[in-house]
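Build the full structure now, drawing on both the sequences and the hints.
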Amino acid sequence: RIYPLMRVTLTTSDGASVTVSRQLTKHSGFIEKAITDMAVDDNAVPLSAVAVDVDDATLKLVIEWLTEHRDDALPYPEKTDEERRADDIPAWDQAFVQKWDTKEDQQQTLYAVITAADKLDIKGLLDMTCKTLANKINGKTVEEMREILQLECDFTEEELAEIRKENAWCEN
Amino acid sequence: SGQKPTFHSLPINAFARICDFSPIKSLLQLRLVSKSLNEHVCVLIKTRKTVVKEFSVKYASDSPYPLKTVAELYLCFLHQRHAIIWHSCLTHAFNKIQLTPLKFSTYLDKNSNYSVSRSFVRLANFLYSGSYNNTQVGGIENSSRVLEA
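Protein chains in written order, with full-length UniProt numbering: chain D, 1 to 172; chain W, 1 to 149.
Calculated directly from the structure, the hints in this document are not laboratory data.
All figures in this text were calculated on a predicted structure; none of them were measured in a lab.
We put the beta carbon where it would ideally sit given N, CA and C, even for glycine.
Please note that the accuracy of each hint is not assured.
Pairs of lysine-lysine residues, derived as DSS-like cross-links and limited to a Cα-Cα distance of at most 25 angstroms, are as follows [to be verified]:
hint, chain 1, residue 1, chain 2, residue 2
1, D, Lys140, W, Lys35
2, W, Lys35, W, Lys25
3, D, Lys26, D, Lys60
4, D, Lys123, W, Lys4
5, D, Lys165, W, Lys25
6, D, Lys33, D, Lys79
7, D, Lys60, D, Lys33
8, D, Lys79, D, Lys136
9, D, Lys165, D, Lys119
10, D, Lys165, W, Lys35
11, D, Lys99, D, Lys123
12, D, Lys60, D, Lys119
13, W, Lys4, D, Lys119
14, D, Lys99, W, Lys4
15, W, Lys4, W, Lys35
16, D, Lys140, D, Lys165
17, D, Lys140, D, Lys103
18, D, Lys136, W, Lys25
19, D, Lys136, W, Lys35
20, W, Lys25, D, Lys140
21, D, Lys79, D, Lys119
22, D, Lys99, D, Lys140
23, W, Lys4, D, Lys60
24, D, Lys26, D, Lys79
25, W, Lys4, D, Lys103
26, D, Lys103, D, Lys136
27, D, Lys60, D, Lys140
28, W, Lys4, D, Lys79
29, D, Lys60, D, Lys99
30, D, Lys123, D, Lys33
31, D, Lys26, D, Lys123
32, D, Lys99, D, Lys136
33, D, Lys123, D, Lys136
34, D, Lys26, D, Lys119
35, D, Lys136, W, Lys4
Under 8 angstroms between C-beta atoms, here's a sample of chain D residues computed to sit facing chain W [claimed, not checked]:
hint, residue
36, Lys60
37, Leu126
38, Val142
Right, here's the structure in full:
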């Protein structure tokens, strides 16, 4: 497919604006729909900016990921329940996340990127970041999960016992 | 918004995606983390197709009921917060000789104080009869209405 409109300006929730190649935005269902909804004439210049509900810092990370994945196949290949796995994150993506997913940050950046990927409908980025979070949780004890997710236990002992009984079929 | 993102601020679609990449054992563990997480996970487990298979594999053979049905019933009750009834029945079934629907009903009548047990018995009998399809496992109340119709 040819994209006559070669560049798109995005305005962020904190007032910044950034112009990116259409080769990148084609991976975002949200941005592509916004462009279509504007009924842009292929030859029309300039295009009104597309507003995205993502802050500038998070959008920069999204664009960095899109730049690396600009040649990924579209549409994004959806997998069935049985085909899904969390241990197939490409090396570049793992290094990309490690750069900014720090303990001090308490995963706030990861949550922000997951939310941005969902809002912008970038399925590849959403999958990768969700796999990253799933990998942090999988195989952990309940106490470790609470620590990772920073959640407090609000069950009574009786309620916990009931759920453990319901879960018993899956125990070793 | 200016608020720092947290696990609870993730969109439900993203939370479902995270669960997609978690094995059933981790999902069941997540139920124990907090009440709100338990609510979300129970809904997601019910829609996860592989749970039926995973449940069936765990209970490899010996069940007097079709394993697919056993698993779907578990999910049905889990969603309705009555999984404990089914777990009791299942444990009993595997500890004793194979149960017929009649024995199963008798066991439930004697061992369960739950008001839903009658609906469950009807549902179990209905499923066992083979005249069952997926669209009717929407919860005890819906299933009961189907049976009474």
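Okay, the hints, checked on the actual structure:
With a CA separation close to 18 angstroms, the supplied pair lysine 140(D) and lysine 35(W) stays within the 25 angstroms bound. Restraint check for lysine 35(W) and lysine 25(W): the C-alpha separation of about 18 angstroms stays at or below 25 angstroms, so the hint holds. A C-alpha spacing of about 16 angstroms is found between lysine 26(D) and lysine 60(D), which places the hinted pair at or below 25 angstroms, so the restraint holds. For the hint pairing lysine 123(D) with lysine 4(W), the CA-to-CA distance comes to about 23 angstroms; that is within 25 angstroms, so the pair holds.
Restraint check for lysine 165(D) and lysine 25(W): satisfied, since their Cα atoms lie roughly 13 angstroms apart, inside the 25 angstroms limit. Annotation: proposed proximity of lysine 33(D) to lysine 79(D) holds, straight-line Cα distance about 23 angstroms (limit 25 angstroms). Of the pairs offered as hints, the one joining lysine 60(D) and lysine 33(D) holds, with about 21 angstroms between alpha carbons and a cut-off of 25 angstroms not exceeded. Of the pairs offered as hints, the one joining lysine 79(D) and lysine 136(D) holds, with about 21 angstroms between alpha carbons and a cut-off of 25 angstroms not exceeded.
Note on lysine 165(D) and lysine 119(D): the hinted pairing is violated, with a Cα-Cα distance of about 38 angstroms set against a maximum of 25 angstroms. Of the pairs offered as hints, the one joining lysine 165(D) and lysine 35(W) holds, with about 16 angstroms between alpha carbons and a cut-off of 25 angstroms not exceeded. This hinted pair checks out: lysine 99(D) and lysine 123(D) have alpha carbons roughly 21 angstroms apart, not beyond 25 angstroms. At most 25 angstroms may separate the alpha-carbon atoms for a hinted pair to count; lysine 60(D) and lysine 119(D) meet this at roughly 15 angstroms.
Using a Cα cut-off of 25 angstroms, the hinted pair lysine 4(W) and lysine 119(D) holds, with the two alpha carbons roughly 17 angstroms apart. With a CA separation close to 19 angstroms, the supplied pair lysine 99(D) and lysine 4(W) stays within the 25 angstroms bound. About 22 angstroms separates the Cα atoms of lysine 4(W) and lysine 35(W), which keeps this hinted pair within 25 angstroms; it holds. Pair hint lysine 140(D) plus lysine 165(D) holds up; C-alpha atoms about 19 angstroms apart against a cutoff of 25 angstroms.
Among the hinted pairs, lysine 140(D) with lysine 103(D) is consistent with the structure: their alpha-carbon atoms are about 17 angstroms apart, no more than 25 angstroms. Of the supplied pair hints, the one linking lysine 136(D) and lysine 25(W) holds, its CA atoms being roughly 14 angstroms apart against a limit of 25 angstroms. Annotation: proposed proximity of lysine 136(D) to lysine 35(W) holds, straight-line Cα distance about 20 angstroms (limit 25 angstroms). For the hint pairing lysine 25(W) with lysine 140(D), the CA-to-CA distance comes to about 10 angstroms; that is within 25 angstroms, so the pair holds.
Note on lysine 79(D) and lysine 119(D): the hinted pairing holds, with a Cα-Cα distance of about 20 angstroms set against a maximum of 25 angstroms. For the proposed pair lysine 99(D) and lysine 140(D), the alpha carbon gap of about 23 angstroms is at most 25 angstroms, so the pair holds. Pair hint lysine 4(W) plus lysine 60(D) holds up; C-alpha atoms about 17 angstroms apart against a cutoff of 25 angstroms. Restraint check for lysine 26(D) and lysine 79(D): the C-alpha separation of about 20 angstroms stays at or below 25 angstroms, so the hint holds.
Under the criterion of a C-alpha separation no larger than 25 angstroms, the hint pairing lysine 4(W) with lysine 103(D) is consistent with the structure, at around 15 angstroms. Annotation: proposed proximity of lysine 103(D) to lysine 136(D) holds, straight-line Cα distance about 12 angstroms (limit 25 angstroms). Taken as a hint, the lysine 60(D) and lysine 140(D) pair is broken in the structure, with Cα atoms around 32 angstroms apart against an allowance of 25 angstroms. For a cut-off of 25 angstroms, the pair hint linking lysine 4(W) to lysine 79(D) is broken: about 32 angstroms separates their Cα positions.
Taken as a hint, the lysine 60(D) and lysine 99(D) pair is honoured in the structure, with Cα atoms around 13 angstroms apart against an allowance of 25 angstroms. Annotation: proposed proximity of lysine 123(D) to lysine 33(D) holds, straight-line Cα distance about 14 angstroms (limit 25 angstroms). Using a Cα cut-off of 25 angstroms, the hinted pair lysine 26(D) and lysine 123(D) holds, with the two alpha carbons roughly 12 angstroms apart. As the CA atoms of lysine 99(D) and lysine 136(D) are separated by approximately 16 angstroms, the hinted pair is consistent with the 25 angstroms bound.
As the CA atoms of lysine 123(D) and lysine 136(D) are separated by approximately 20 angstroms, the hinted pair is consistent with the 25 angstroms bound. Taking the CA atoms of lysine 26(D) and lysine 119(D), the gap is near 15 angstroms; set against the 25 angstroms cutoff, the hint holds. Using a Cα cut-off of 25 angstroms, the hinted pair lysine 136(D) and lysine 4(W) holds, with the two alpha carbons roughly 20 angstroms apart. Given the 8 angstroms rule on beta carbons, the hint for lysine 60(D) is violated: about 16 angstroms separates it from the nearest Cβ of chain W.
For leucine 126(D), the shortest C-beta to C-beta distance to chain W is roughly 6 angstroms, which falls under 8 angstroms, so the interface hint holds. At its closest, the beta carbon of valine 142(D) sits 4 angstroms from a beta carbon of chain W; the interface hint therefore holds under the 8 angstroms criterion.
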